[in-house]
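Asks: Residue numbers (my numbering), protein chains in the order written: chain W, 1 to 251; chain H, 1 to 305.
Heads up, none of these hints are tricks.
Selected chain H positions facing chain W (in silico; Cβ < 10 Å):
1. ASN59
2. MET61
3. ALA69
4. ASP96
5. HIS127
6. LEU135
7. PRO136
8. LEU169
9. ALA172
10. LEU207
11. GLY237
These are computed hints drawn from the structure, not numbers from a lab.
The structure presented is a predicted model; accordingly, all values stated were derived computationally and were not measured.
For every residue, glycine included, the Cβ atom is placed at its ideal position computed from N, Cα and C.
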Amino acid sequence: MSVNQSQFTQAMMDAALPVPDGLVDGANRPADRRFNVYRNNVTVSLVEALKVAFPVITNLLGEVNLDGLARLYLQAHPPNTPLMMFYGADFPDFLASMKQLSHLGYLADVARLEQAERRAYHAADASPVAHDALAVLPPVVLMEATLTLAPSVQLVRSPWPIHDIWRFNMEEGAPKPTAAAQDVLITRPAFDPVFHLLPEGGGDWIAALMSGKTFGTAYEAAQATHPEFDLGVNLTLLLQDHAITHVKKKE
Amino acid sequence: MPARPFLLPARSLEAVMPDLVSPVRHLPAAAGVGYKPQHFAHVCEDAGAVEWLEVHAENYMGDGGRPLAQLRHLSERFAISVHGVGLSIGGEAPLDPAHLARLKHLINWLNPASFSEHLAWSTHGGHFYNDLLPLPYTNDTLDRICSHITQLQETVGRRMLLENPSSYLAFAESTLSEPAFLDEIAKRTGCGLLLDVNNVFISATNLGFSPQAYIDAFPLHHVGELHLGGHDEETDGHGAPLLIDSHGREVADPVWALLDYTLAKSGPKPLLIEWDNDVPDWSVLSAEATRAAHALERAPGQVQV
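Next up, chain H with everything else stripped away, as it sits in the complex (with noise of 0.2 Å):
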């Protein structure tokens, strides 16, 4: 594909989005999870140690009904991050149009206090996959995911925060690692980073390299959200571990010890519980975030630059 124009500086985003000069609201640097409609009421009753909470934004695109009554009340009493999980940022086709509305519109009404979405694709020939599916680093595909940054931060009319991969595999045409990969979207195009911290030990794990390297040569002054879940573990073909990002129980501790490592260097950050799949009782949820909070707590205020 042809080599698209050089993108938008980073700051003269600010013409275009003044929210970028002084945001209404912030994520707190403290912990959220990701909101279930099951915990609705232990939400609202007590939330201990949780702050904020993220929800997914396709969850919130119907018309009306209890979805966005509940979404509306909680916002009214929580930051609220919205995590986009279907807009297929990587993918080789242009941005759906119908999705980038449905996405302004639900901005537009929520005024959340963080927008992401994922280093990864999902749509492809008009069909949704319904998975995070991988891309390789080239120039031609860093070319492609900024115009597609762009064209999405211009539309909402706020920056974004971009999620790093979990990899189950890598593509041998890939020239460029994936923190330089982040990076340089991140300088092109003004949008913030997402780091899971979870991804990157499932990554380094998966494709046998090390984690901490990893987080040395992430950007950590552009990540503006961390996010933690727990992974399953699985062997591939030549009896190596496979780990599978399920969203489906407690973080392992290896994460948190990497969580550790990298607040160390970047400080407190808002730090996001993910549970997505066998849901647990709120008292479970809740547990992840107190100990999240203690992470934090540790974390120097002074943060190494």
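Next up, chain W with everything else stripped away, as it sits in the complex (with noise of 0.2 Å):
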């Protein structure tokens, strides 16, 4: 009569097995539905921590619809460690595979931008570069460095326009969205994420960046697909928002 820990996770999470035998109350009959107090447990504090980490999803469908989706998602991806805080990493991909979620075709990339945010917020401290530091270098120096990017900085990138439904649903007043590919650029200059709508090829020079192009090759590849990209106004924001922690000069 003994019950081990497969049994017992098995009926968990599926309500429809019964409850193992050998689980019993104080006067030794069957558990029974003293059981469920576990089934529920597990589900309601997953289910809460996904509305915890997706607000503008749980905002965007609806509490009831949300828990449906929730319930779905953790049996198919219970959490694969103990770190409450970063799970959910694969919902904006479950959100994306669901047939009668088709139709809001932007509901994945607003769930990656949630998932960036949380990202943001527990990424390693690190230290900026000084204001000047790209400034005193000559051109022909910078246009050969690579730039290091804080690890709390995340690039969300899409042809919808996340920037605009985010703050639509998480700010009082902000404006209606209106169709638009958008560029999201998170950073954290203190210890709140903060969002920024990249401005024309802000999110292609960002992201040669991130994989290790240098300056001017990055500046490059903004201006070849925008040619009104404006390097100024997108070093600055990285420079204001201590995004930028090293730069390596070519050796």
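Two chains, each in its own frame: build the complex with the hints.
Replies: Quick look at the structure:
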């Protein structure tokens, strides 16, 4: 009559299965619906963790729909680690895979933005370079240098207006989103992540920098796709928000 | 599963864990609360009766940012207890080496006054279920848990406290009582115990035993910390009361009474108020801590042995 942890977890995660034999109440009767306390604790705590992680998605879909989706998700993707602040990393892909949500094409990217905010919040601290760290370099040296961005810096690129959707759901009086592709940069100048809607070409430039391209190559990449790319505006953003932690000159 | 070799006797721990002999920091025998970030300003400004704080280890396993900065700041003012909720000490599987490493890292940089975990499991088959799940009390599970605790204490380089669970059901296969099981673990591994008085009341109500008899049987000399928290009341399929360990409201009056009964036997101990769900304003939590501090004042300095 022993109950092993495989039997326990299977029955816990599938309410259609019977309560394992060998679990009893104080009078040695079958534990019966007492077992539901564990079923309930696990489900409620994981659904709650997802709601906390994805407030905009919860807002967009409504609590009832989110509850249903979260229950499906936690069955297929129970947490892999006890770090609940990172639970839901696969939730954006899960949303993208749901046929009944395919008419809401932006959902997965909005969820990716919410995940990026979490990563930014918990990322390692890092000291920024001085404000004039780039200005003091001769142009030739600067163009061949590579930049290291702070671990908190996150770039989320989307064919959907994810920044406006996020604002509309999180900020009182924010304007209604209209169709547009949007690249969002998340920085963490102190402890709170800050969202920036990047101007034309900014996403290409920062993506190139993040992938280790030189300053010059990243600039050319941005200009090739967006002739109006404004280096000054984008660079000022990175410097003001303490997003650059290291400038590596070519050896 | 095969019986594991008998474990390290308690005295040999001193060789590998000098902290056991002369701990640098202690939890005071005073009131503490489970720390919540929304109370940061209040705690720093006027903590009232609160003399120490407990944090859930897993909430401070990010790489940086506000959580770690706050904890670093608080640790300069308060004794900190690190309370793990995710190691799955009672699991059938080996302890997760990645999680052990995270605990070691946190304890190394923070150097907390105390470290505790649960007599429970939460991970199976590589999945974490975010709840404290129950286990049978048998010689096999005793060997396994002692082995896990010894591994944990050697990894983090200090003695830990192990907490009694809330029970909603029992295992027909159990052959040992919970106090006897915990006593044997403490004897074999040298660990201390964390006695959650609310959990005792919940388990006693749910399984129909006397909570005072449980306290009488509990090895109070191993106890390094007491917990109190709120519970919810439901009923089981037979209409019998079924209490749920919700940590979402004030400590119930019969639990305060059981605390007095415990303190009369144990003398003052570090005493924590846990409130993890529907977290109230600081004033409400602070009032609970004040009540805990009064209970400690009534406790006898000389304990019955």
